[in-house]
Every structure is written in C-alpha cells, then in structure tokens.
Amino acid sequence: MLAKFKVFWQGVRQLSGDDAYERYLQHYAEHHQADGDAPLSKAEFFKKWQDDLWQGVRRCC
Amino acid sequence: MAVSTAVLMKPPESHHCTNLLMNRLQKNITWILIAIVGASAVGGIALSRGEHINALWFITAALCVYAIAFRFYAAWIAATVLGVDDTRATPAERLNNGHDFAPTNRWIVFGHHFAAIAGPGPLVGPTLAAQFGYLPGTLWILFGAVLGGCVQDMVTLFLSTRRDAKSLGQMARDELGALGGTAALIATFAIMIILIAVLGLVVVNAMKHSPWGTFTVSATIPIAVFIGFYMRHFRPGQVLEASAIGVALLLLAVVGGGWVDHHEGLRTWFDHEGLTLAWWVMAYGFAAAILPVWMLLAPRDYLSTYMKLGTITLLAVAIILLQPHVKMPAVTQFIDGTGPIFGGKLFPFVFITIACGAISGFHALVASGTTPKLLANERDIRMIGYGGMLLESFVAVMAMIAATVLDPGVFFAINSSAGVVGKEAVEAAAKISSWGFPVTAMQMQDLAREMGEATLFARTGGAPSLAVGMASIFGSAFGQGMLAMWYHFAIMFEAIFILTTLDAGTRVGRFMLQDMLGNIWPKMAETSWTPSVIFSSALVVSGWGYFLYIGVIDPNGGVNILWPLFGIANQMLAAIALSVATGILVKSGKFKYAWVTGAPLLWLIIITSTAAWQKITSADTRIGFFAAADDLSGKLAAGLLPAEKAAIAPQLIFNLHLDAYITIAFVGLVWLIVFDMLRVCRRYLTGKSTPPLAESPHSPSRLVEDWVRD
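Those protein sequences? They're chains A and R, same order as listed. When we follow numbering that gives the first Met the number 0, the leftmost residue of the first sequence carries the number 0, and every step to the right adds one. When we follow numbering that gives the first Met the number 0, the leftmost residue of the second sequence carries the number 0, and every step to the right adds one.
If we strip away everything but chain R, and leave its shape as in the complex, we get:
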C-alpha cells in the first residue's frame, strides 16, 4: 500500500528536479536568513553602547546560534566524526528488560535527559557573572555551549551508548587504564562534595532571616513525604494524580508563607540565623540519604521537575511577552578583578563562574549510564545530547536576562557581601553608588517591602537576586500586585530543586563512598547494611557540611570562595570527559577529527589551570587563598580584628589553606588524566599496544526493520 501511494504521488521526472532545486534553494535561503539574523543579533548585543538594549535581542541571538550549530556542526559531528549508525541496535534495545533498559520515544528521553542535567547551576552562575556586564557571560554561554558543552554531552552519550551504557569512570578505566578510571572516580566524588556545599549555601542565604522563605522551603519537605506515601501506599503508581496534588500544595505553601510572615508569633519560629539554617540543611541531607528513596527523594524529584519545567517555560513566555530592557552595561569596570561579588579578572573567572550553561562536566555522568539505557536509536543522539545542552544554555541566557534587567545598583546591593560594602544600609548604598551604579537605602527598603522581605542587602548566592529579577519580569507580564508572591514562588522554585540535587547528590556520594570502602572491607559495600549506610552517609554529609559551615561563617559571604571552587571542579570533570572522548577518537583511527573534543579540552585546561594558579599564587587577598590566609593571620597576630571575627579567624585560615590544597589536587588530577590520555594516544599512533576499544560489536537493530516494514 505504502509503495503504491508513493508511485502514484511521484511527479514526472522534470518536475521532480525543479522541485528538488526549489526545495534546496528554499532551505538554503532559510539558513542564510537565520545566519544573518543571528549575526546581527550577536553584533547588536556586542556593539550596543549607552542605550538600554532589549532582552529580545538575547533570545534572538541565542536561538539563531543554536539553530545553526545544531543543523550544521552537530550534524557534521554525528555523521562524520562519530559515525552514528541508525541500523545498529542500542543497549536499550539489546538489553531491554522493561524497566531500566527500555527503548523510549525520543521526546520522552529528551525530557528525562533535560530534567536530569538542568539544575540550579545555569541559574546561579550567570547571575554571579553579571558583575562583569551582560556581554562576556552571554558570549561564553552561547559559544561555550555550541563548541564545548553540547559536544561533550553528545560525544559522551554516543560513547556510552556504544559501550552498553557504561559510566564515565568505567569508560575511563577501560579505554585509558586504571589511572584514568581512578582519577575520574575521585574527581566525581570531590565535585559532588563541593557542589552540594555551595548549593546548600545558596539555599541558606535565600532563607536567612526570611520567615516567608523559610516556611515555604521547609513546607516542601512534609509535602514531599506525604506525596511519597500517597504514591507508594495509598494510590500506588498514580504518579500524575499525586504530583498534581503536590504542586497544588506547594503553591499553597507559598501563599501560606505570606500568612506566617504576617503572624507575629509564628514568624519568629521561621526567622533564623544562617548558621542555624545550615545545621538544618545538614540534618535534612543526612535524613534524605538514609531514608528510602520513595519517601523523600523520589516524590521531591517529581515536584521539582514539574516546577522546573513549568517555571522555565513561564519565564521564557514572560520575557517574550514583556521584552524587558537590559539595564546592566555591556561591560563593567569589574573586569579588572575588583568585582564585589567575587574577586578575579574577566579571564579566566568568567569561564569558571559560568560552568553549567556553557560546559558542565557533571552532564557527562548523566549522558553516560542513565540516558543511554533509554535511547531507542543512535540517530537520536544529536537531538538528545546536543539539543538537551542547547536548552540548558538557553536557561542560562534567561538567567542572565533576569539578572541584568535589574537596576545595576540594585543588583550589586543584593549580591555584594557585607564584608565588601559594609553592614549598614546607607553605607553600602553610598559605596555601590560610588562605583557608578546609583542606588539608595530608601529604594532598597521599598523593594524589600514589595518583595515581602526584611532586607535585600547582601543576600549573596544569586538566588534572591534571580528571584527579584524573575518577580519583576513575572510581575510586569502577569500583574504587578503579587510581587511578594512571585518573589517567594521563585525562591521556592530554586530551593526545591537545589534540595533535590542536594539529597540526590548526597545519596550518590554515599553509594560511591560505600563502593570505595568496600575495597577495604567488602561488608561496607552492601548498600542495605545499616551501619555502613549510616557511617558513609555521615561521612559524606560532614564533608559538604564542613564547607557549608565555613561558607556561612565567612564574613565575605562564602560564595566568593565556594563558587569558583565549584566551577573549577566542574570544568575539571568536563576535562576528564573530553580526555576520555579524545583518547577514544584517536584510538578509533580518527586522529584528524580529534580537535572536535581536543580544542574544548585545551581551552578548559587553560582556564582551569590559570584560575587555579591565580587562586593559589595571587597576592590579592580576594583571589589568592594563601594571600588571604596570611593577611588574616597577620591581622589576628597584631590584634586588629574585632572579637567576633578573631574567634572564627583560625578556622577561616585553616579553611583557606584547605581550599588551596584542594585546588592544587584538582588541577593535578586534570593534568594526570590529560597526560595519561596523551600517553595512550602516542602509543596508539606509534603502533604500540593500547587498551583495546571497548565498543560492543554491531548488532542490527530490529526496531529499524520493524519501522521500515511498517
């Protein structure tokens, strides 16, 4: 039947040719137009001076750059460099067991993959990097993603798909050797610890002395537990029904927080110092790691995924409807390294600060192991691997817009720590105005009242300023009357998936640690043996809890130290993933294409090494760890510190040293893996023996045959 229709519909030969030509011409013209629009949008953003630029230019530039990269670069990599083969059965098909391995519709896999890779990272990084102005961050988000991050995700997904969905660490071990594998394992564990600490700090800073925020965020926990019981015992498997109830309860918690905030007696229950909140976050992380997944982790994850997808869509719609003007200058004077949010020059720190959204090594862990188990056909790798990261990059662009539509004075007032601008509102406002970003204490007071907060000065960590930005965008697009509601909705939205990453990360860390300890004492590797569970969970929580604690007591806000450390760790993981990929490309006889992963790898090595070098050797106390430690101990010895600061100084000094050694260890690990990769490549190119390619043999896909037959 299908054949006969095709024959009937086939036009005469000459027509066919003209049609083909017209089609091709039309397609080419479309792509040329996209290129022109994209180039003028990027040019418009880059060259605009003085006048406020419309946020729509950012969206246009991003979409055009993504479209061209996806259509040409990604397609070329998939076809020529990787040699994607749609007749080859994927692990999902070959090992199909109906639950974890199962060939799945590509849009569904895309949804799962995107929900897994997009966390709070692409929201926080661009917000912090906006201190350099909108231009550097935006360009890095766009070009870092299409040339680096997307390539990493797609190539890793491809390699894992060809290796029965093996994890990155396993692939490193198989393809490079035991050294590479061990380094990848240690790096993954280290990044997990730093990541959780910094995310915990973001949540703590968002809840500090905010009864409304604290109530709403705490309410998400009993709501998640309730939904967990509902899905497991009351109405097993009714996932959507339970989630709908959960989302309704979450919105109710936002409204309820406003009520608590206005209640004299109740509000004191939820009005806490950062340190108290930090202890609670640690207790929560521990509980989440030892409780069964269905009780807290899984239901919270459902709720956070809906919130995430819903809010990001809403933000995109609001930006397109409202077309807000970006008020931040293209480039600020802080590119010289004196920025109030974090110290350090534009190069390399913009590339470290924005990791997620441009290139994020963490994605390699999802792209290997988790997603390949669902992939129905290799031809979907481009859409899921490359396309998924494009969407995350787009989220980062929106975060950049939300940060830069604020008055720059307000932006800096929210994000600069008290250690930099001073504790008093008037003093801080005067200092920020003196930089050329006018703001008054009065203006901040009014803004805080509108948002339902006591103060918005020195609310570091990125979440409050993003929430103010989102609230003003939502407020203008959907009604100004509910600013406080929108603000706390945005805080809840960020907190809920930060906490999801926090408990999922603690749990993964626990499994990894149990696995490692199992090498010493096999009993420890039993994931259901209670003493091992408690011991390893406690160890993981105290690992990140320590950094969280130091971050909270740090008078400069902690984000200043922890975020760059996180950025370096994340880029380091990306360097490991790209090293594995480059090594495999060379071993597959594709040396001439090795630059596809080799070039982003080289760039990552340059930026992480430069950043680490500056973090260790810089004499500027806001950049160099040792310089800051020496400065502090000098002041302590001379008795120049006020009593409260003197009491915590020894801890801060110890921590600065620790951070310095961790940075050295990170960079050492990266170099180790890169050299290991180069060693394997050289052996291969000179004809010596290397670990063989671990690719599974080709077996023809039956799904394709079915599809063709139908």
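Just chain A, with the same shape it has in the complex:
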C-alpha cells in the first residue's frame, strides 16, 4: 500500500515538475560529468526550465 502510494506520489511530482531539478542532476551526472562545468543551482535551473517549457503551443481549447 505504502509502496503504491510512493509510486503515485512520484508520478504526481514528475507530472508537476516538482522533481525536475533532481532529474536534471541525474541527467547531468550521467551525461555531462566529464564536461567540467558545475551543474546549475536549483534556482538557476528552475528559471531555465520554466522559460523553456513555455515555447510553442502548450494549451488548447
């Protein structure tokens, strides 16, 4: 029951973007560790993420 709720809650977090920064850090660790630059801070990342999200048609009738 608890495990199911955890899965559900993870879904809600992902759907809303609540865990976007955690996922970014994971992506960074997997793909860009070698590049040398430090990952973005949470505030910086969130700014970029939010601005990118609103390119193109996001909502319709």
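If you're looking for bench data, these hints aren't it; they were derived computationally from the structure. Accuracy of the hints is not assured; some may be wrong.
[As the list claims (entries may be wrong)] One-sided excerpt, in silico: chain R residues whose CB lies under 7 Å from chain A: (1) L194; (2) A503; (3) Y660.
Even for Gly, the Cβ is constructed at its ideal location relative to N, Cα and C.
Could you slot chain R onto chain A? The hints should help.
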C-alpha cells in the same frame, strides 16, 4: 536469473496449449461482452422515448465504445497503417538534453498531453448542442472521436515523432510544399484569434452582473502572481508546495466571493456590464502576453491544471454515485434550424458546434512539437494520442450529461439570449414554455437565489448552465446546502482555464506574428525586443478584442455568431492536419490505407463547406451573415430600430460582412490545402517527383535494449 525463473515456471507443453486456448477464449468472451453491453447502451440511448433515461447509460455506452475502439481500431492503425516500431529511438531519446527533449514515463506523458489538449471547448460545445436534444450530440461525440479525433491526434503524434518533433506547419511545408505550409500557418493564427474571442465572451457572460463570480475570477489573478513569485524567488522549484497553497487560496476566493456578494458596499465594485468586463479581459490578455511567463502564465497554468483534473474526476465520481436522470428529450424540434441558442439545422451545425470532444484540429498542434519531445517509445503513441483524445471525448459526454440533467425549460431559459426570448422574465418564461419546455419566472428566480446570482435568464455562452448542472449534480451527491458555493466553484473552474487558454493563446499568437513580421523586418522576430513585443501583442489582442467587443454588444448574445465561426475554424485546422497525414500515407506507399485519415477528412470537408455555404447564402437572418446584415441595414434605413440598437447597427452590419468574408477565407484555405495534397498524391501515384519523405532515419533504441537486458 530472469531466464531460469522463466524455465522453472514453464508448464508442460499440453497444459500450456490448453491455457493459451482458455486465455484466448476468456479474452474473446470479455470483448464480446463489452461489445454487447456497449451496443445495448448505445441502443438504449438511441431508442429511449418518453421516459427519462439514466445518465449511467451514457457513461456505459461511452466506455464500451472507447474500449472496443482502443483495443481493435487503434491497435490496428498503430500496427498496420502506421507501422509503429518499438525498436526505433524516439526524438526524446536521440535528442535528449535533460529538459525539453527527455524520454518520460508514459503515464506522465499522458498526463501532460491530456492537460494540454483538454480545455473549455469540450465543456462548452456539448452544452450548446444540447438544444438539439441529447442524442445527436452524444452520438457525434462518441463516433466522431473514435473514427476522427483520436485518429487525427494519434497519426499526427506519430508523424511528428518520426520527424524530430516538428510542428504541423513545418510538416505541411516539408511534405506538401510551401503552399500547404503557409496555409497551415495562417489557419493556426486565425483559429487562435477566433478561439480567444469566443472564450473571452464565455467568461464575460459568466461574470456579467455577478459580483460573486467577478470577485472570484479576478482573485485568481493576484493569486497566480503570488504563486509565481513564490515558485521563482521565495522557494524556487517547490512546485507542489506552491500549488497546494494556490489551490487553497482559490477555494478561499470562492468562499470570499460569497462574502463580497453579501456586502452592500463591496458588491458594487464587482458588479459590471459586459462591456466593462470585456475591456478588462482585453487588458488582462495584453498584460499576460508581455509579462514574463513565470509571473502569471506558468503559475496560473499549474493551478488550472489541478483544478481541471480534480473537478473532472469529481464530476465523474458524482455522476456515477448519483446516477442522475436526463430530462432533455432525445431529439428536440430545434433540429429544423429554429433553435434559440444558435440558428441552423442539425446537419451540419451539430458537427460544427461540437468540435472539441469529437474532433479538434487544435490538438494537432500539441501532438506535433510538444508531446513527441517526451515520448520514450513509439509503442506509447496509441495510448497517448488515441487514449488522450478518448478521455477528452469522455469529458464532453459528461458536459452533455450536466446540460441535459437540467429541466429543459431551465436549460433554455439560461442559454437563450434576450434577443430571442425577450428581456422580461415573464415574457421569456412564457415563450420558452410555449415551445413545450415548461418553466416559470418564479422557478428561475428561486434557482438564481439558490445559486447566489441575481438572474439566470439569458446567461449565454454555456458556462452558467454548465455550472448550474454541475452544482446540482455536486449538490445532490455531496450535500444540497452549498449550491451557491458549488455554482461559483464551477464558474471559477471554467474561468480559470479559459483565462489560461486566453493568455497562452495570446502569447503563441504573439510569437507567430513576430515570426511573420520578421520576414519583412528581421528585427521584429526578436522575441525579447520590447517594441516588437508590445506592438505584436497589441495587434493580437486587438484582433480577438474586436470580435469579443462585437460579441458583447450583439443583442443576440454573440455566441450565436462566434461559436460556429470557431467550430468552422477548428474543423478547418483538423482538415489541414488530416490532409498532411493523408498525403504522407500515400507518399509512404500506403495508398490502400489512406482512407483511415481520408474518410474523416472527407467528412470534415463536407460539414465545414456545407456550414460555410449556409452561413453565407442562407436567407434566414439567424444563419446567413449577409441576410442578417441586409435585414439590419433595411431596418436601420426604415428607422425601425430603437435608438440604442440603431447606434450600434452600423458596427454590427460591418461585422456580419467581416464574418462572412472570414468564413469564405477559411473554406478557401481548406480547399487549397486539400487540392495541394491531392496534387502531391497524384504526382506520387503517377510516378512524378514529389517532396521526399522527411522521416528521420531509423536508429535503434538503446532504451529498449536496456529494458530487455534488465
């Protein structure tokens, strides 16, 4: 390890065979049962006469039709027509950059996709179309969706996924040629303008002389801004925490509105004419288009998405718990074209009025460009593209139920404009009763008091009647005492995502316009250059603002004109998407399957062309634009109009002409694209050169390998 378990668990050969057979038999029996239940539910709805029918039949019919369509038709299209290939890497995987391109769990993508496609359209359209009775609209919602809308969404999603998540306009340009691409661009821009105007009108009509509604809807703006600052600066990235606070504040705003409504001094601040509210909506749209997204647009979108998902779930639960009876007849006399909500016969106008919920061209814009960037595997295309639209269709069925559980007399009293039934309550009630839908002024007065409104007569646009329907369903299911609260909650719920569509649409329109102007003067295309931002935003807002203004001053309520125009525009966009899809199918050597998209396309061409033809040539002043304009100018010249009406008559006449020319332009665009598609197809079939298929080459998916290895 995995292999050894499989070996251990493998039953002896003969058992295995019987099991397989039993399994298959069981599955077949399940599907046969679903088919029988579905057929009897559809039959029950279609054949029921005289007796009130239970709303549960609608839900049953819908779910069975959806299940069968999804299991068989959608699966067949995915496997045979499209050739979905789960070993092929999607753009999300190939171009993964950790933010916009990112392979995502399919349920999450489904959630994003559904939240993006489902707006106020599927709620308003069925409500208006209920004037024909419950049957025509419901059948169109069910069969239009499974044969048309879902197919369009799924095929577009597939095509865009195979083309690095390109947009519909870009695909039209690549696959058909510059003409198709330009037409798609113009059509998208035009539909955006009409859509925003009509949605603005729905909100204005819901707030007109309703201090409670106006307070609640206005309060959503500072709440959104507060949440915007919270998420951006105070607690960056704490999306859920901020949203929870926002939702709590929104509910508080609903309650607060009731308090404002009872406060003698404060209520006058929020008690406004439609025109005043229209100016405010325009000012809001302009502000939302030039402010940074994080401040207003993004936080409002969060709140509206939660409200939308929550309320739709609540409505479904309430309908299943309560099992209300549908009181509207299956078919009303208004199929002859004399309907009070909008003029026009059943064919073609039911198909124009219900666009979203059955087939909506707008979805093609989300299915291309936005969703494919998240898709982890091609095999999810059926669930997200086809399934997402099925859910939207289900929302439309629920809206139809909410409209038809009202007493038909009440339904028509709320939705008929003063221009049709008269301004006085007694007069209007007598007129509506004379149609065979009994209602009294007293009954409406009581209902308005229960809902916390001054009047519910002539509250056109669909939102108030949907709110009354939802309030009575919620009220019966969860307690009768808070009807006014439920009513204004429903108004807030509709308004909040109408405003989200309005500001998101204005912004998209602004970007498109800047892009187009950039072809003339490159500097204009810079999305951060302030003069260009202000100029193009102002242009977009005045575009839809004009139609909103005319809609508000129109004595027949405006919805009568604007909604069909919106329907035609939306179906036109769908026709463009289906044309692109049909062209690509033929060019991929799948001519024998081209009917999958070709048949809905043909149907759309028939209905949009017929509707446009009638809108232009009909002699009935409630249908024909020119007829109405001539009638009005005749009356104006003869001095038959009262002074207030005479003052606005020239504007109305000009607007009717404008609407007529816009309709002609829309249909011209559709025909242009269809002919362009046919031309490309003919060239392909006769072996001449065509623009090559723009599909990205196959590259094997590593995600699948990982998955298999694990």
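Hint-by-hint comparison with the structure:
1. L194: holds, 6 Å
2. A503: holds, 4 Å
3. Y660: Because about 23 Å separates Y660/R from the closest Cβ in chain A, which is outside the 7 Å limit, the hint is violated.
Consistency note: the structure conflicts with earlier hint 3 alone.
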